[in-house]
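Protein chains: 2
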Amino acid sequence: MTQTLADLGEAELLRRLARFAPPGQLEDDTAQLQQPTADLLINTDVLVESIHFSDATTASTDVGWRAVAANLSDLAASGVDQILGITVGLVAPAHTPWSWVEGVYSGIGSLLQDSGGVLLGGDCSQGPVRMLSITALGTLGTLRLHRSQAMPGDSIVVSGAHGLSRLGLALLLKDPSLLGITLPGSLREQAIQQHQRPLPRLDALKSLVTCKPEQLPWRAGGTDSSDGLLQAIDCLCRSSGCGAVLDKTKLPQAEGWPDGPLWQRWCLSGGEDFELVVTLPAPWAKAWMDEQPSCRQVGVITDQPQAIIWSDDNTPVVAEGFAHYGTS
Amino acid sequence: MTQTLADLGEAELLRRLARFAPPGQLEDDTAQLQQPTADLLINTDVLVESIHFSDATTASTDVGWRAVAANLSDLAASGVDQILGITVGLVAPAHTPWSWVEGVYSGIGSLLQDSGGVLLGGDCSQGPVRMLSITALGTLGTLRLHRSQAMPGDSIVVSGAHGLSRLGLALLLKDPSLLGITLPGSLREQAIQQHQRPLPRLDALKSLVTCKPEQLPWRAGGTDSSDGLLQAIDCLCRSSGCGAVLDKTKLPQAEGWPDGPLWQRWCLSGGEDFELVVTLPAPWAKAWMDEQPSCRQVGVITDQPQAIIWSDDNTPVVAEGFAHYGTS
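The listed protein sequences derive, respectively, from chains A and B. With our numbering, letter number 176 in the first sequence gets 176, and the count goes up by one each step, no holes. With our numbering, letter number 216 in the second sequence gets 216, and the count goes up by one each step, no holes.
Simulated from the structure, these hints should not be mistaken for lab results. Source: prediction; values computed, not measured. Certain hints may be false.
Stated by the list, open to error - Label pairs and their in silico Cβ distance ranges:
| id | chain 1 | residue 1 | chain 2 | residue 2 | range |
| --- | --- | --- | --- | --- | --- |
| 1 | B | Trp218 | A | Pro152 | 54 to 60 Å |
| 2 | B | Pro293 | A | Ser54 | 51 to 57 Å |
| 3 | B | Gly260 | A | Glu12 | 32 to 38 Å |
| 4 | B | Gln35 | A | Gln113 | 23 to 29 Å |
| 5 | A | Ser106 | B | Thr315 | 53 to 59 Å |
| 6 | B | Asp313 | A | Gln113 | 51 to 57 Å |
| 7 | A | Ser54 | B | Pro97 | 25 to 31 Å |
| 8 | B | His95 | A | Ser54 | 19 to 25 Å |
| 9 | B | Pro97 | A | Ser106 | 36 to 42 Å |
| 10 | A | Pro97 | B | Asp312 | 43 to 49 Å |
| 11 | B | Glu189 | A | Lys206 | 56 to 62 Å |
| 12 | B | Leu173 | A | Pro97 | 43 to 49 Å |
Note that the Cβ used here is the ideal one computed from N, Cα and C, for glycine as well.
Model the full assembly from the supplied sequences, consistent with the hints where possible.
Right under this line is the structure:
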């Protein structure tokens with residue numbers, strides 16, 4: 001018989017979850033963290049069942065992994081040096097199998113093991129749907145990326161291909177919009193991997209920091225593309241009072257993905273790509289692309305507030321939205 | 001017409017929430033916190049609609065207040081010095097009125113203004129029920145309270161009366177178990193206030209620290225009674241490998257509350273009292289009670305692992321449980 005959270009009771013649930021944290025870590029009302037050696041970066045992300053994940057497309061271990069990946073991606077897009085740890089707020093119905101919760105925490109543990117940081121603490125509650133709220137903490141490194149630090153003339157560089165996570169979801173759901181499109185097996189695998197086990201681009205941040213030309217100041221605009229590439233560029237433009245010109249021919253396409261409206265739409269607004277989107281002076285951009293082969297320049301920042309246009313015909317760049325709220 | 005979150009859209013929602021944080025605070029993917037001057041204490045608490053709050057008993061401003069109070073109470077029970085701030089994970093259906101969310105953040109802001117700390121950041125998502133996950137950060141002061149630091153012979157001292165929050169809830173729900181019980185108006189008001197606007201006992205922690213007799217080391221056991229007084233004592237005993245003897249005549253009764261089974265049950269397991277429950281050497285206990293008139297000694301720690309008994313007849317102390325999961 002499946003063992004549920006109701007079968008375990010809260011005390012036993014907490015005892016089992018404690019195995020995913022350092023010994024004694026979950027023993028007190030609060031977690032204690034040694035005085036950090038630098039400023040802190042803090043981020044909270046919420047994932048809700050049937051909005052951000054579902055049993056149909058995401059194994060429990062992947063739910064845990066992705067939840068942490070979303071947080072660490074935000075830390076990477078802000079200039080984190082060392083990941084310190086996370087707290088987890090877990091909501092789940094009493095009939096939830098323990099094996100599902102175990103899977104989530106095991107996925108959380110896997111990514112923390114790869115990226116540094118520990119499970120610091122958290123809270124559990126019963127509720128009508130499964131929900132995870134994760135808060136991640138890290139120390140700030142040399143470069144603080146801000147959304148508001150884009151400047152006209154900056155190159156817009158992304159750390160990798162876009163649209164893959166959305167493609168992976170479509171493949172898992174056998175989405176009819178894929179009918180008649182031939183995709184190589186390697187791309188299919190890559191897309192599903194990107195959807196289920198996205199990697200926060202801590203590696204790309206590291207190379208961005210190490211490759212800065214000496215004469216340039218520590219100034220770059222940055223965010224991540226968790227809500228889609230176009231929304232990331234829009235955020236940078238709005239916060240910086242700038243605009244952007246994008247080059248259709250330089251959109252970051254994964255190998256083997258045929259051109260077409262589907263590709264372009266998911267590249268711009270598929271979402272959950274978890275790549276860095278950075279605006280920076282051209283010499284630094286070049287140095288970064290040399291250092292990090294997955295990086296691509298997609299356009300340039302302009303002084304036209306909030307106008308994001310194509311370079312070939314000056315028409316506005318539009319894409320279906322990624323709205324957490326609202327009907328559009 | 002009521003304005004809902006769907007009417008606003010996510011961008012406008014975030015713009016409005018930003019008013020509750022320092023200028024520019026919510027602008028980036030992450031919050032930045034100046035390098036702390038001491039070790040950090042971190043706590044996450046989750047509140048779910050119809051489990052932890054409901055429109056019937058809790059105004060939106062009180063939902064926000066109580067959510068922060070629960071977190072700060074945990075920080076107080078660990079020895080916090082300065083409250084730094086909180087992040088908020090908010091889940092709500094698209095049809096939620098903006099006025100409800102505004103109320104929640106206004107309640108959050110009120111308690112932060114009283115206790116120190118700011119809204120650092122957060123995340124919002126649509127979901128089938130309202131849910132708040134708050135993570136609070138503070139610096140550790142001179143005294144680190146641990147659950148595992150109780151020692152046989154310690155006095156068990158609580159920072160105030162218990163059962164009031166449960167009584168307040170019963171009054172708001174017109175609970176039939178109150179039929180035939182006469183309660184003075186002042187007690188009714190106090191109980192409802194305690195349910196809707198509990199105060200984290202940062203004041204009691206402060207006096208606990210300042211009144212320590214010089215010859216004693218900085219060693220005391222501590223937790224808060226958010227899950228009820230008996231569960232708090234049980235936690236201290238389990239973590240410390242000790243037991244406790246409680247004195248029925250010294251249970252922390254609010255003025256005007258008549259004796260009886262209802263009083264004793266809610267005192268022991270009503271929950272959400274948010275008082276400090278501390279075990280400490282007798283001279284320190286006396287000094288604390290002298291300094292802080294709301295403090296009461298309810299018993300003594302023993303070397304009988306996990307046995308919590310009454311002093312008059314040595315029978316086990318039992319009370320209805322406060323189980324987040326499970327049927328009992």
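So, going through the hints one by one against the coordinates:
1. B/Trp218 / A/Pro152: 54 to 60 Å: 57 Å, holds
2. B/Pro293 / A/Ser54: 51 to 57 Å: 55 Å, holds
3. B/Gly260 / A/Glu12: 32 to 38 Å: Given range 32 to 38 Å: holds, Cβ gap about 34 Å.
4. B/Gln35 / A/Gln113: 23 to 29 Å: Cβ of B/Gln35 to Cβ of A/Gln113: about 27 Å, so the range 23 to 29 Å holds.
5. A/Ser106 / B/Thr315: 53 to 59 Å: 43 Å, violated
6. B/Asp313 / A/Gln113: 51 to 57 Å: 53 Å, holds
7. A/Ser54 / B/Pro97: 25 to 31 Å: For A/Ser54 and B/Pro97 the Cβ distance comes to about 28 Å; the hint holds.
8. B/His95 / A/Ser54: 19 to 25 Å: Holds: the Cβ-Cβ distance is about 22 Å, inside 19 to 25 Å.
9. B/Pro97 / A/Ser106: 36 to 42 Å: Check passed, 39 Å falls within 36 to 42 Å.
10. A/Pro97 / B/Asp312: 43 to 49 Å: 45 Å, holds
11. B/Glu189 / A/Lys206: 56 to 62 Å: Holds: the Cβ-Cβ distance is about 59 Å, inside 56 to 62 Å.
12. B/Leu173 / A/Pro97: 43 to 49 Å: Given a distance of about 33 Å, which is not inside 43 to 49 Å, the answer is violated.
Taken one by one, the earlier hints fail for this structure at numbers 5, 12, listed in ascending order.
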